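For the record, the sequence lines run as chains A and B.
Going by our numbering, the residue at position 30 of the first sequence is 30; the numbering climbs one at a time, nothing skipped.
Going by our numbering, the residue at position 126 of the second sequence is 126; the numbering climbs one at a time, nothing skipped.
Calculated directly from the structure, the hints in this document are not laboratory data.
It is possible that some hints are incorrect.
What the hints assert, rightly or not - Pairwise CB distance ranges (calculated):
no.	chain 1	residue 1	chain 2	residue 2	range
1	A	N54	B	L281	56 to 62 Å
2	A	E246	B	L39	37 to 43 Å
3	B	Q32	A	T232	31 to 37 Å
4	A	M147	B	Q32	56 to 62 Å
5	B	G204	A	S152	56 to 62 Å
6	B	I209	A	N31	30 to 36 Å
7	A	R28	B	L281	27 to 33 Å
8	A	E128	B	I144	33 to 39 Å
9	B	L281	A	S152	34 to 40 Å
10	A	K75	B	V36	30 to 36 Å
Keep in mind that this is a model prediction, so the values were computed, not measured.
Think of the CB as a built atom: it goes at the ideal place given N, C-alpha and C, for glycine as much as any other residue.
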Amino acid sequence: MTGKMDYVVKAEHMPKSWILETQELRRRFENFIAVDGLNITVTSGEVFGLLGPNGAGKSTVIKMLTTLLPLSAGKAYLAGYDVQRQPEEVRRIIGYVPQSLSADGSLTGYENLLIFAKLYDIPARRREKQIREVLEFMGLQDATHKMVRHYSGGMIRKLEIAIAILHQPLILFLDEPTVGLDPVARTQVWELMEQLRTEYGTTIFLTTHFLEEADSLCHRVVIMNQGKEMITGSPTELKASIGKPEATLDDVFIFYAGSQLESGVSYRETARTRRTSNRLG
Amino acid sequence: MKQPELDVLATDWVEKSSHRVHRPQNIFFAIQELWVKTLVITELEVRKLRHDSTDLFVRAVQPTLWLLIFGQVFTRTHTIPTGNVPYLDFMAPGILAQSALFVAIFSGGMTLIWERDLGVVHKFLTSPIPRVSIVLGKGLAAGIRCLSQVFFIYIVSFLLGVQLNFNPVAFSQVVLTILLGAGCFCTFSLIIGCLIKSRERFMGIGQLITMPLFFASNAIYPISIMPKWLQLLSLVNPLTYEVDALRGAMLLHGSSIYGFGVDTAILLLTLVILTFICGRLYPQVVI
Chain A
1 MTGKMDYVVK AEHMPKSWIL ETQELRRRFE NFIAVDGLNI TVTSGEVFGL LGPNGAGKST
61 VIKMLTTLLP LSAGKAYLAG YDVQRQPEEV RRIIGYVPQS LSADGSLTGY ENLLIFAKLY
121 DIPARRREKQ IREVLEFMGL QDATHKMVRH YSGGMIRKLE IAIAILHQPL ILFLDEPTVG
181 LDPVARTQVW ELMEQLRTEY GTTIFLTTHF LEEADSLCHR VVIMNQGKEM ITGSPTELKA
241 SIGKPEATLD DVFIFYAGSQ LESGVSYRET ARTRRTSNRL G
Chain B
1 MKQPELDVLA TDWVEKSSHR VHRPQNIFFA IQELWVKTLV ITELEVRKLR HDSTDLFVRA
61 VQPTLWLLIF GQVFTRTHTI PTGNVPYLDF MAPGILAQSA LFVAIFSGGM TLIWERDLGV
121 VHKFLTSPIP RVSIVLGKGL AAGIRCLSQV FFIYIVSFLL GVQLNFNPVA FSQVVLTILL
181 GAGCFCTFSL IIGCLIKSRE RFMGIGQLIT MPLFFASNAI YPISIMPKWL QLLSLVNPLT
241 YEVDALRGAM LLHGSSIYGF GVDTAILLLT LVILTFICGR LYPQVVI
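Please take these sequences and the hints and turn them into a complete structure.
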């Protein structure tokens with residue numbers, strides 16, 4: 001499975017400092033615990049993957065780290081800022097691509113970027129240049145003034161990433177970035193993420209349930225199940241940990257996350273995932 | 001004000017990121033930030049409107065029918081005491097207020113729920129923007145949307161022979177009243193949107209509240225002929241003050257009961273209170 005992904009070059013030198021740290025991160029909803037004491041650290045400049053079956057609490061973790069959802073207990077720091085106490089500072093240094101749609105279909109791609117350039121206080125003299133650069137980086141120059149509702153799924157995803165990196169965030173959060181994309185678009189998104197990391201040093205934090213994606217992109221992954229951390233490490237370390245020589249990440253996943261069938265996923269969440277796939281597909 | 005505190009581990013990362021502008025934190029900059037971001041949100045909505053403005057024309061049909069049919073018929077009956085103006089003149093400001101009310105109610109909460117289902121709201125909530133700015137920006141945009149109704153209703157009223165006041169001061173009073181009124185009802189609608197989160201239920205509740213708001217006001221009959229209980233309701237209904245201000249400013253021989261100053265002060269106060277409540281509720285939309 002990994003053979004075709006060889007073009008993705010991983011960092012040889014890993015920077016030392018942590019950019020993200022959670023301590024006993026916990027989130028309780030009315031009748032269940034979605035995230036149960038999660039401790040993770042992300043090194044700046046790495047691609048970090050959060051893996052787990054549906055309902056494992058991946059999206060909840062991302063929502064807490066992006067200041068959308070209050071923490072029930074524990075601490076989370078991003079570049080040293082406390083997510084609970086300094087949400088304003090945190091919002092300035094993160095980029096976020098939600099799983100659902102975040103680009104406005106009733107505007108052009110350019111207008112979408114322009115609004116966010118203004119919201120992120122990018123000075124007027126730099127705005128045009130930064131928008132042009134990010135559109136070029138994403139390969140969307142030709143669609144600049146087209147209405148987003150006429151974009152293809154892959155183009156929408158690229159625009160959403162463009163919006164999220166416009167203000168040059170230190171850390172980019174992507175929630176299931178390639179759900180519903182066709183293989184060509186998916187490969188393009190992967191290449192863009194790798195380019196983003198090498199050219200701009202952006203730390204990337206993503207959730208996924210495509211193990212292929214985790215294997216080829218991520219330096220380190222954490223596997224979550226029912227709100228708990230099962231294991232953390234590089235894909236190679238994880239494969240070694242289950243004691244089978246030719247193990248794939250799939251084997252690792254099944255070993256740690258078990259069968260996916262029993263884990264409870266709400267009707268609403270399923271509907272949302274399906275809708276996202278539909279839109280991008 | 002609070003100063004950013006840094007964890008030792010990642011201090012160098014924050015220093016390295018030179019692209020961020022250092023912003024002083026005081027009340028002056030907070031207000032400036034609030035205002036600038038409000039205008040960005042308004043710009044966003046106005047840009048959307050510019051791409052698709054058919055809705056504005058569709059929205060003009062209903063008030064035209066009210067004026068054309070209801071107005072013309074009731075003008076003949078002479079049963080409603082309207083002072084020194086014909087009934088059609090009396091009701092024209094009421095219909096303008098009603099039309100603005102409908103536009104504001106359905107552009108507020110409906111789009112919020114729609115944006116929530118899509119996921120656009122998430123994106124805004126993770127951006128550095130005061131929550132109140134999102135609310136105010138949408139309120140102001142609803143006001144701008146409603147100004148199209150002013151345009152249409154002035155034309156229809158003029159054609160039907162309503163004696164309009166085209167004095168620029170009076171006209172700007174109309175514009176200000178519509179902006180304030182639309183802001184109030186759009187924010188009210190956003191609050192409901194924050195609470196119920198489902199499109200179907202919102203449609204029902206939207207219908208459920210617009211009709212009472214309309215009938216428990218002085219829009220198409222004076223408060224003086226209402227039964228006591230309805231009079232009380234009308235007095236706490238912001239629409240009453242919107243209509244009252246419009247009646248004074250829009251008509252050549254019209255007069256306001258409470259005065260333009262009192263009317264706008266009440267609308268402004270309502271807007272501030274509703275915006276504050278909505279700003280608190282807004283982040284919960286995504287939970």
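How the hints compare with the structure:
Checked against the hint of 56 to 62 Å, the pair A:N54 and B:L281 fails, with Cβ atoms roughly 29 Å apart. The hinted range of 37 to 43 Å is not satisfied by A:E246 and B:L39, whose Cβ atoms lie roughly 60 Å apart. Checking the proposed 31 to 37 Å range against B:Q32 and A:T232 shows it is violated: the Cβ atoms sit about 44 Å from each other. Between A:M147 and B:Q32 the beta carbon distance is about 33 Å. The supplied range of 56 to 62 Å is therefore violated.
In this structure, B:G204 and A:S152 break the distance hint of 56 to 62 Å, their C-beta atoms being roughly 36 Å apart. For B:I209 and A:N31, the hinted distance range of 30 to 36 Å is satisfied, since their beta carbons lie about 32 Å from each other. In this structure, A:R28 and B:L281 break the distance hint of 27 to 33 Å, their C-beta atoms being roughly 21 Å apart. Taken as a hint, the range 33 to 39 Å is violated for the pair A:E128 and B:I144, whose Cβ atoms sit roughly 26 Å apart.
As the Cβ distance of B:L281 to A:S152 is approximately 36 Å, the hint placing it in 34 to 40 Å holds. Between A:K75 and B:V36, the C-beta spacing of about 32 Å keeps the proposed range 30 to 36 Å intact.
When the structure is compared with the earlier hints, violations turn up for hints 1, 2, 3, 4, 5, 7, 8 and for no others.
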